[in-house]
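S.K.: The task is to assemble the complex, starting from two chains supplied on their own in separate frames and drawing on the hints.
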Amino acid sequence: MSYLVLDGVAKRFGKDEVLKDASLSIEKNEMVAIFGPSGVGKTVLLRLISGVAPPDAGDIRVGGESVLGTSPEVRETGVAFQNFALYPHMNAFENIASPLRARGADEAEVKRKVQETGELLKIAHVLHHLPRQLSNGQKQRTALGRALVRRPKIILLDDPLRNVDAKLRYEMRLELPRLLKRFESTVLYVTQDYKEAMALGERVAVLFDGRFQQVDHPAAVYRSPRHVEIARLFGDPTINLYPIRPTKGEGGHEVTVLGQTLRLKGRAGLDRPCLIGIRPEDVHVEQEPSEGSFPVELDAVTPLNVRTVLFLRTKEREEVFATCSESRGERFGRDHRQVHARVDFEKALLFDEATGERLAA
Amino acid sequence: MHPAIRVVLLTLIGLFFLFPIVWVFLMSFQTNETILRIPPSLVFEPTLQNYTALISGRLETGAGVLELAFMQNLWNSFVLSFCSVALSLLLGVPAAYAFARFKFFGSEDIAFTLLSFRFAPALLVLLPLNLYFQDIGLNDTYIGLIWVYQLITLPLILWIVRGYFEDISPDIENAYRVDGHSWFSTFMKISIPLALPGIAAAALLSFIFAWNNFVFALILASADKQPVTVGALAFVTASGIQYGQIAAAVVLSILPTLALALYAQRYLVEGLSLGAVKG
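From first to last, the protein sequence lines stand for chains A and B.
Mapping of the first sequence onto our numbering: residues 1 to 361, in sequence order.
Mapping of the second sequence onto our numbering: residues 1001 to 1279, in sequence order.
I should point out that these hints are in silico values taken from the structure, not numbers from a laboratory.
Take the hints with a grain of salt, since some may be wrong.
[As the list claims (entries may be wrong)] Okay, derived cross-link-like pairs now, DSS-like style, lysine-lysine, Cα gap no bigger than 30 Å in a straight line:
no.: 1; chain 1: A; residue 1: LYS195; chain 2: A; residue 2: LYS347
no.: 2; chain 1: A; residue 1: LYS195; chain 2: A; residue 2: LYS122
no.: 3; chain 1: B; residue 1: LYS1189; chain 2: A; residue 2: LYS113
no.: 4; chain 1: B; residue 1: LYS1189; chain 2: A; residue 2: LYS153
no.: 5; chain 1: A; residue 1: LYS20; chain 2: B; residue 2: LYS1103
no.: 6; chain 1: B; residue 1: LYS1103; chain 2: A; residue 2: LYS15
no.: 7; chain 1: A; residue 1: LYS181; chain 2: A; residue 2: LYS167
no.: 8; chain 1: A; residue 1: LYS195; chain 2: A; residue 2: LYS248
no.: 9; chain 1: A; residue 1: LYS113; chain 2: A; residue 2: LYS181
no.: 10; chain 1: B; residue 1: LYS1189; chain 2: A; residue 2: LYS111
no.: 11; chain 1: A; residue 1: LYS122; chain 2: A; residue 2: LYS167
no.: 12; chain 1: A; residue 1: LYS28; chain 2: A; residue 2: LYS113
no.: 13; chain 1: B; residue 1: LYS1189; chain 2: A; residue 2: LYS122
no.: 14; chain 1: A; residue 1: LYS181; chain 2: A; residue 2: LYS15
no.: 15; chain 1: A; residue 1: LYS181; chain 2: A; residue 2: LYS153
no.: 16; chain 1: A; residue 1: LYS195; chain 2: A; residue 2: LYS153
no.: 17; chain 1: A; residue 1: LYS347; chain 2: A; residue 2: LYS315
no.: 18; chain 1: A; residue 1: LYS113; chain 2: A; residue 2: LYS153
[What the hints assert, rightly or not] Per the computed footprint, the stretches of chain A lying under chain B, defined by three or more beta-carbons under 8 Å from a beta-carbon of chain B, are:
no.: 19; stretch: 73-84
no.: 20; stretch: 87-93
The beta-carbon is built from N, C-alpha and C at its ideal position, and this holds for glycine as well.
Just chain B, with the same shape it has in the complex (with noise of 0.2 Å):
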């Protein structure tokens, strides 16, 4: 294919991807007002009052003051992602090394029934949940959100990360144990550091999938617990919808994630494929 086609259709892609986001982008500088106009136009003059309004907590609308939670949810969704991938890493690591090295009577099919959690759908299992949490009071905790969370994050590391140490030479493992080392220690200096790249990249996009997700918070969190995602919904208000801080709350709430794929992207793209594909 010619280069000059190339740039032009990828150019035009890039477009078609990105331009929501730009929209968005700009939207977060703009009041209701010039957001609204017919037509759009993309002339405007710039504001910060959305990104004040968040970051203060207050939000002065022509219905009266509205008192935001946004940096409490920002906060939550921050704890509930790390606490939920460190949980998952703990749990899920020594599994996945279980279910590579290791078959042991329905080894396989208890590795494939946690990785059906992925693809249930969740609101099958919310409900009754939700009642289950009422009653042992886990509703609208951190423990419980975080606990129902592992339904995202295990499975994911599970797969991804028992594919790497599929990978690594059993005989290097047997290697260690004859040198005089303990079968921890093997664990420990061969097997975790070899498999690493696998860890990161299982960790981080758990991470993104667990920072992402809203149905699990939206019905088992009040507005303290509550994580982003399910906080933007406080800008429908009774007198209209705050585009303009939704924006910015968009803006706000995808950096921590885009900055660690940015910086991750190479870790990411080998975890994937590696994982996928077993040698």
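This is chain A alone, in the form it adopts within the complex (with noise of 0.2 Å):
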């Protein structure tokens, strides 16, 4: 049975309706990266386990049992919040000792249990600062500390390197995992970074319309996204998208996209209009024209140091993605230019064009 479960959870402030049915299941020691836009709700999620917040419907469940009416102090949980909240008027060593003075524990304890976190965050040198007098990462890394030191059953990480500059943010999203790992908990990783999420979490729930849309390895969101939305969020730069209107043809569907026409078959719900999402990975650009190519204009190249982004226009003025290893990516300059283009439209997703879905392979 899973350790954490949200239940239909529902939550509204006014007449918004934040979360509308949100339902997870969670195992224990498991890390999920909760992905979502800004504004979704992922914070008020956190807020409704930690207690902080009663959700209006649904339930939450922590190893079996409904925890809905207790109050955030006997929950368990470790919260890392996003803005830190670290208490301004408390040292390091006070803001980290928090937890553990809350449960009555000894001076010589509470000592130890700092001492311990504040090594293995690598902020043990600056524990008698008060948090004005520490640099972001070091508050990120407190508040972290605090959230980590009673070794909560669960921890709650909100976007906590969203405000912290970029090498560490990329430290950390190497180094958090393995110190997670030694914690033994049940982390939820909140974060409107879709490489974090994927880097971070075992599974990535995706968070949007107030539920959850879809729940699943990294890999396989990326992969095989359930919705349009996701495949939008998913990827930089983002998919090609194009809408298509099936007809039927001899052999199955016919469709026309990027000014080709391809025979879809075996695919169901074909009997509407439909979107085609073209991951830009999928779109190989060469010079000389093949077998299956069309000529396209290339109109930028971006490098983005181990991979470049291509920006391409077909005859019809369509503007296509593509993206191509670095060293490849030289040898087109940087100059407007005629090049041609071959798609692997195996590869390509369709979604239906109303309700966004996925459309069975």
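M.R.: This is the structure we're talking about:
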């Protein structure tokens, strides 16, 4: 049985229905990344789990028992708030010691555990500083230390890497999973960066429109998104999406996309307007024409270190993003020119235009 | 602006506002005769008789000996102001927290009504209050006066401190709750310490307002409960106005608030602006 269960949780603020029917089951010691654009209620969800606010409907169960109606101090969760929420009038040591003191731990134990946590997070040398004397990275680690020091059963991390600089963010992305594994806790990690979600979550739960739209392993969310919006959110540059109007032909449905006519076999639900999604890495750009390729204009070349993003236009002025390796990208130069594109239509994703639902392959 | 002009202008303004205080200060060391001579002069022989009269409580005038309750008045002022502020803090700080954190039915209306006590004319409530107080035996008691003084001190404390509480991120309080602390301990260990500069500023300001109050005590208290502001009236005697004693009384009565204000200047300015402008 799952350890932490959200069952049809709903929460509204005035007229704003933030969470409508959020259901999620998390196993013990699992690390789940909750991903969604800003304002979809990720933080609200953590508040409901930690007990800071009550849900309007639905149930939250931990270890099979509902925790609704219990106040935050008895819920045994550790929370790292996005804005750190450190106590400005207490030094880092007292900040981290707070959960221990709340449980009446004796002074020696407090000292030992805070020191231990400080060393683990590499802030042992600044424990006597007040929050305002700490750098952003140190503040973030202090907040993390406070969430972890008691070794809570459930750890809720609210976009903890958002307010720190890029270098530290990369370091922490590598360090956090290792760190959290040592604690044997169930971890919910909220983020609005899909790369972070994929890097940190054993599973990724995609939240928008008040529901978890898809909960799956990171690669599966990327490869087979259940909804066009998920396909759009996962990927940089974003997936190429085109409306298509399938027509019934001889050996199945025929569609025209990017000036190419293709035959779609054995796909259900093609009797209505659809969207076809093509990942930029499935568009292969070549200097010379080859079988299945078609001429496109190369409008812009943007090298992103290991990858290069190409911005193309078809004869019909449709815009196409493509990516390729840096070494290949160099050959195109930076000028506007005519090139040839071949699309791996086999890997294309099909969505119902009206509902956005993905059509089964 | 040229620094020299600045200095001249500032000196002029300073003189304009400080002159009455300086004049009163000088008067307090003169006898009635030297004060009233024409033309007035800055040259006089200083005397301490005004202060000794006030402190000993015996004023010898041409018409006889007058008993003065000035030291009692000073003590009354202190008791009334201090107790009023203490009671207001006790009631106002938790109320301010409630208004800052919880939106309940009519919360804004209640908060505004409390503020409106501050700008309602005092005389409007005083006469009916006087009648009520006579009926229930609160007339001429410290408790009755402290109760009425809440009209001065409570709204001030409530509104300044409320702004301070609103400036504290609720997440800081939430974090403390999640750590495992009770609601009450969060209030005492997080909310109060973080709002302390505001609470101190509000307390000092309302102390000064309470100290300077005149009209409540004038109507609701008799001689032995009156503060200095009302007590100074005793110097208007049948045989004339005792300017020297009035001046000395003024000097003595502004000393405590002046000392407080100077000591807490920084908090006062901070408290007023922070309470008014919410983030």
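S.K.: Next, verify each hint and record whether it holds.
M.R.: The hints, checked one at a time:
1. A:LYS195 / A:LYS347: Within the cut-off at roughly 21 Å; holds.
2. A:LYS195 / A:LYS122: Distance of about 25 Å is within 30 Å: holds.
3. B:LYS1189 / A:LYS113: Satisfied, since the Cα-Cα distance of roughly 22 Å is no more than 30 Å.
4. B:LYS1189 / A:LYS153: holds, 26 Å
5. A:LYS20 / B:LYS1103: holds, 23 Å
6. B:LYS1103 / A:LYS15: Holds - the C-alpha atoms of LYS15 (chain A) and LYS1103 (chain B) are around 16 Å apart, at most 30 Å.
7. A:LYS181 / A:LYS167: holds, 22 Å
8. A:LYS195 / A:LYS248: violated, 39 Å
9. A:LYS113 / A:LYS181: The hint holds at about 18 Å.
10. B:LYS1189 / A:LYS111: Holds. LYS1189 (chain B) to LYS111 (chain A) sits at ~20 Å (cutoff 30 Å).
11. A:LYS122 / A:LYS167: Roughly 16 Å separates the two Cα atoms, so the pair holds.
12. A:LYS28 / A:LYS113: Given that 30 Å is the threshold and the Cα spacing comes to 24 Å, the pair holds.
13. B:LYS1189 / A:LYS122: Between LYS1189 (chain B) and LYS122 (chain A) the Cα gap is close to 28 Å, so the pair holds against 30 Å.
14. A:LYS181 / A:LYS15: violated, 40 Å
15. A:LYS181 / A:LYS153: The given pair, whose Cα atoms are some 12 Å apart, holds under the 30 Å limit.
16. A:LYS195 / A:LYS153: holds, 26 Å
17. A:LYS347 / A:LYS315: holds, 23 Å
18. A:LYS113 / A:LYS153: Between LYS113 (chain A) and LYS153 (chain A) the Cα gap is close to 17 Å, so the pair holds against 30 Å.
19. 73-84: holds (count 8)
20. 87-93: holds (count 3)
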